[in-house]
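Engineer: Below, each chain spelled out in residue letters.
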Amino acid sequence: MPESVTLQREKGEGLYQNLGERLKETSRELCGIMFLYCSAGSPQLESLVRDFLQHESGMEFEVLKDASTQTLAILLPGLTLDATHYQALLLKQHLQETMEGADPRITLTVFPGQVDPTPGVLRQMAESTRLSTSSDIHIFTKEEAIQEPGRILIVDNDDTIREFLTIRLKMQGFETLEALDGTSALELIEKWEPDLVLTELNLYGIDGLPFIHQIQQLPVENTPKIVVLTEQRVERTISQCFQNGVDDYVTKPFSPVELDARIHRCFH
Amino acid sequence: MFSHLTVAYTFIYVCLGLIALGIILLIQMKVSHNKEQQRREMYERKHHDYFMYIQAHVENEGALRLPPGKLKPLERRVIQDKFMEWIEQFKGECRDRLIQMCRDAGFVEADLKALGSFRYGRRLEAAYRLGGMRAEEAVPALLKMLQEGKYSSMSIIIARSIAKSARKSEDVLEMLRSLLSHGKPIHHLAADIMLETGLDAGSLLMKLLDDQDPALIKVGLVAMWGQAVPEVMPVLGRLVGSEEKDVRAEAVKLYLSSNPALKDETIVQLMNDRNWEVRAAAAKALGPLHAAGSIPLLVKALQDANWKVRHNSAESLAKLGEAGFEALCQAALSGAGIQREAALQRIELEMEKEQEHSAIEQMVAYNKKRLIHDRYFGVKRQPVARVTGVAAVGGDYTA
Amino acid sequence: MVAIYYVMIVNILYFTITGLSFRNIFKIYRRSKYSSYNTLSGSELVPSVSLLVPAYNEELTIIENVYCLMTLNYPTYEVIVINDGSSDHTLSVLIKEFKLVKMVNPEIRGTIDTNNVRGIYHNPDYPQLFIIDKENGGKADSLNAGINFSHYPLISSIDADSLLEKDALIRMARMYMENPEEMVAIGGDVRIANGCLIENGAVQKVSLPRKIWPMFQSIEYLKAFLGGRIGWSHINGLVIVSGAFGLFRKDYVIAVGGYRGGYPGEDMNIIIKLHRYMLSHKLPYKVAFCPEAVCWTQAPDSYKIISNQRMRWGRGNLKNMIENRGMLFNPKYKVMGMITMPYNVLFETLNPYFRITGLLALLGYTLLDMTHWRILLTFFLLNFLSGYLLSVGAIILEEIAFRRFKKLSDLWKMLLFSALKFVGYHQLGVIWRVQGHIQYLRKNNSWGAMTRQSWKEESEPA
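Protein chains in written order, with my numbering: chain A, 1 to 268; chain B, 269 to 667; chain C, 668 to 1129.
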């Protein structure tokens, strides 16, 4: 999010305040909430959304509008996070089909969940919807509400793995960057100074042990921790990696839960 | 000669016809391949949000939903391929959930039907996909497919699918039996295929090692390379006495790698075995063992015909303290040819290790060796060079 | 006359071999698509390989090549670069880039005779890399020195200007593992990298060469590899495994005495020797071709260099045939003796002479009586059309199984150049071969110039 954008807080004040209070009252019941913003800003947006949600059977909903910023807030009581996500993608598809040139941006979360439904948080969610640079549906997480997330650099040539890891780690609140090969990874480590490098051993450019060596010889203040996630299962390779200061070694196929645990361990 | 002209003319016309046909075929193939590629990319983009949804929530308790809307067959393929990629990369609950989704979406059913297709290509593709989706319903049909065909690369593909999907160990064993029945020594490949299974590797290995068929025993032994599987150790003891040369060698290597206590007679027997692999493994194991009678045996083995045996013997002698090192120096001075060479190599390596020691005991041991060395060879001014190890992994064949 | 018979027989043979390739292409396609490597590429169970890279005056491309080889997707292997007494800075460039140090006491296990080895360089930070520095002795001699030092049971000979694809080696190893006892040698597919986008030591985007000479060679290689070698390997009559990328069993290579030095054509020579050895000892064996394992190489793009290369091939070919003439029509050598070797002698080595005499005879005949111009035309058309049909066949094979060329314009270009080949390139090939023979007879054995271009020049986006 660009930091230099000022937000017109005054007008939207009332809406978020009310919303915050309402959600606090029903704080023990599950409620999904999503913020929807369309840069095309058509006046029919609200009615389209209402029609669509009405056709979705057996679902309660409520649509509120922030008139000053043209952002819609949609409440879905009783829905879990994944159900809310699913509804969001159905809604996005519907809008893309029925509205011309629509480019809907959605940020969603669920209360109670990772964050508290304070007006500040709600405002932040709405802002992130408007300022979002990617058209992907975005899940708002706790660590976004705090500052100083940990930095992880993900290095792997395989798009599938990179995408999955980025999604997961972002959801846990880490700040992530991706690198496709050894040489660009080394450049990024030097420039961006991540706290942890999650890398495959089989890369283009430079890989394996020489790559690990180079990481440790880079002129950065704190050498990042290294977690290796690879298909290589040869004993010798594993022991050589550990001898060279790698913090953890996970073989593919891997259990995402286990990987999370190992990464979190590195951060403490 | 002129009569042949008509033959030549027909040949020319046939050529022209075939060329025209070939070019048309080429254009058609290329256009259709490109179109399919474009459509695939379009579908991937279209379902990008859905894929993100799955990846974000694959851990959660609730059931994941199926892709929205009515899907064309290529769309289903694109989604199925993506699921299969994830199943391949993940372990644990994530994978189980994805496998369930493939079932719910009807992908397994569709490919089971394709298994009965008329064209071999379709059947093989279905077999591959069913393996990728770990579909246990397909295993009987896959086993049949494996047994019917001749041995070829396709057999390996089908075998892998069986290994991935099987839920009963008998199926895996039957697959291995079928694979190895053709008489090709593909034990390493078979071990790799077997290890892809989702079943408990330990119990599967036990079953393999207990089997009558020596080929299966060998697969079990090979599969244990680089992994310590403690429950298997007692069985190894029995296999060391086996008749099959390969089985014996593998079993001995694995048995010795766990550093067991060996009786003197066993040591002598192993060091005199006919198979060089057994001798080499025994020589290597004697180093950490510190058994009294090893030194003369090892010195004798320095003259062995096989390079690996000599190398391991020298290495073990160096580990046996001053007495061992002294024996090495003696062999280097008084011996000739290969014995001398092997001894010298090891001595040089040990001497170079001056820089490596941090602990006091190691320093002391090193200095003692230095003294012995100087006594035999005189004080030599040696440049302190880095120790460069020689990788000695895997078998070697010297002429 | 004889010429027309000759042309017909050689065409029947070509078509049979191409037909065999077609028979196998679907199997190859399926094998390439459905074999999985993700467990093999990290497994202890895969045999270890020593890559041998003889290098002579390769200072411009050697670093990129070594980085490419060090990043292969393979569990356990080593890269041994053999500096064959280069007169340029090949060795110092390597030492500087990888901070190599001379090994004090390298263990050399092997016993093949080679020229003097001056030293072996290594850096434990790059544990797989070894550089052997030796006195100049030629490519075969360097390979033998590499074999002497190598630590693993499989060896792979690789050219210093080859860029292997990441999974090329594991695909070859998979083929080996499916039949370990019998596989003696496996050849890879060599493709022309001119015009492709090369980054990070790999070919990122494939396209056809822009200059004419590499373009002709591109078609030629497609025909030879896909149309020819697949078919020959099916009947176990493969006579050559490209020196740019081939995998061998070290013990058998040592048993036949290593590579024959002193003369070009050592890649064909080692294969013929292996066939002879296995057949004489009545051991079941196979010399195979693995088209999914691809190696990209830089093709010569000037007349001088390519003519030198072809003359060298002609020389080597003739010497190999003469040395092994005992195999011709000898039933002891089965397919090699009865089909491959005679085919090679009659239709490759002696090809120019039959064609030239036939052509001259026909010309003479026509000049005598101009109404027979039809016969001459027939002769030309026969040659042209059958050759063109084979080219189209090779392009179809490529499209069925590999599909590396995406654009439709690439297809038109290939079809066009397949036709243009007959307006000069083909004839030049014949002339170069004859020149090679003349060199052999004259005992002229110079290597000729091969000026290396940096890979960077070729990496402009297509």
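Simulated from the structure, these hints should not be mistaken for laboratory data. Some hints could be false.
[Said to hold, decoys possible] Just some of the chain C residues that point at chain A, by a computed CB distance under 10 angstroms:
{"#": "1", "residue": "771"}
{"#": "2", "residue": "774"}
{"#": "3", "residue": "778"}
{"#": "4", "residue": "792"}
{"#": "5", "residue": "793"}
{"#": "6", "residue": "869"}
{"#": "7", "residue": "944"}
{"#": "8", "residue": "947"}
[To be verified] Below 30 angstroms or equal to it, Euclidean Cα-Cα: the simulated DSS-like pairs (lysine-lysine) are:
{"#": "9", "chain 1": "B", "residue 1": "381", "chain 2": "B", "residue 2": "350"}
{"#": "10", "chain 1": "B", "residue 1": "350", "chain 2": "C", "residue 2": "1074"}
{"#": "11", "chain 1": "C", "residue 1": "763", "chain 2": "A", "residue 2": "252"}
{"#": "12", "chain 1": "B", "residue 1": "350", "chain 2": "C", "residue 2": "694"}
{"#": "13", "chain 1": "B", "residue 1": "418", "chain 2": "C", "residue 2": "763"}
{"#": "14", "chain 1": "C", "residue 1": "878", "chain 2": "B", "residue 2": "412"}
{"#": "15", "chain 1": "B", "residue 1": "303", "chain 2": "B", "residue 2": "381"}
{"#": "16", "chain 1": "A", "residue 1": "252", "chain 2": "C", "residue 2": "878"}
{"#": "17", "chain 1": "C", "residue 1": "949", "chain 2": "B", "residue 2": "298"}
{"#": "18", "chain 1": "B", "residue 1": "298", "chain 2": "C", "residue 2": "1074"}
{"#": "19", "chain 1": "B", "residue 1": "418", "chain 2": "C", "residue 2": "949"}
{"#": "20", "chain 1": "C", "residue 1": "694", "chain 2": "B", "residue 2": "576"}
{"#": "21", "chain 1": "B", "residue 1": "303", "chain 2": "C", "residue 2": "949"}
{"#": "22", "chain 1": "C", "residue 1": "700", "chain 2": "B", "residue 2": "298"}
{"#": "23", "chain 1": "C", "residue 1": "694", "chain 2": "B", "residue 2": "412"}
{"#": "24", "chain 1": "B", "residue 1": "436", "chain 2": "B", "residue 2": "418"}
{"#": "25", "chain 1": "C", "residue 1": "953", "chain 2": "A", "residue 2": "225"}
{"#": "26", "chain 1": "B", "residue 1": "298", "chain 2": "C", "residue 2": "878"}
{"#": "27", "chain 1": "B", "residue 1": "340", "chain 2": "C", "residue 2": "833"}
{"#": "28", "chain 1": "C", "residue 1": "833", "chain 2": "B", "residue 2": "303"}
{"#": "29", "chain 1": "C", "residue 1": "700", "chain 2": "C", "residue 2": "763"}
{"#": "30", "chain 1": "B", "residue 1": "418", "chain 2": "C", "residue 2": "953"}
{"#": "31", "chain 1": "A", "residue 1": "225", "chain 2": "C", "residue 2": "766"}
{"#": "32", "chain 1": "C", "residue 1": "833", "chain 2": "C", "residue 2": "766"}
{"#": "33", "chain 1": "B", "residue 1": "587", "chain 2": "A", "residue 2": "252"}
{"#": "34", "chain 1": "B", "residue 1": "303", "chain 2": "A", "residue 2": "252"}
{"#": "35", "chain 1": "B", "residue 1": "298", "chain 2": "B", "residue 2": "350"}
{"#": "36", "chain 1": "C", "residue 1": "694", "chain 2": "B", "residue 2": "298"}
{"#": "37", "chain 1": "C", "residue 1": "769", "chain 2": "B", "residue 2": "587"}
{"#": "38", "chain 1": "B", "residue 1": "381", "chain 2": "B", "residue 2": "436"}
{"#": "39", "chain 1": "C", "residue 1": "872", "chain 2": "B", "residue 2": "452"}
{"#": "40", "chain 1": "A", "residue 1": "170", "chain 2": "A", "residue 2": "191"}
All C-beta atoms in this analysis are idealised placements derived from N, C-alpha and C, irrespective of residue type, glycine included.
Engineer: May I ask which of the numbered hints given earlier this structure violates, with the numbers listed in increasing order?
Structural biologist: Result: hints 1, 2, 3, 7, 8, 11, 13, 14, 16, 17, 20, 21, 25, 27, 29, 33, 34, 39 break, sorted rising.
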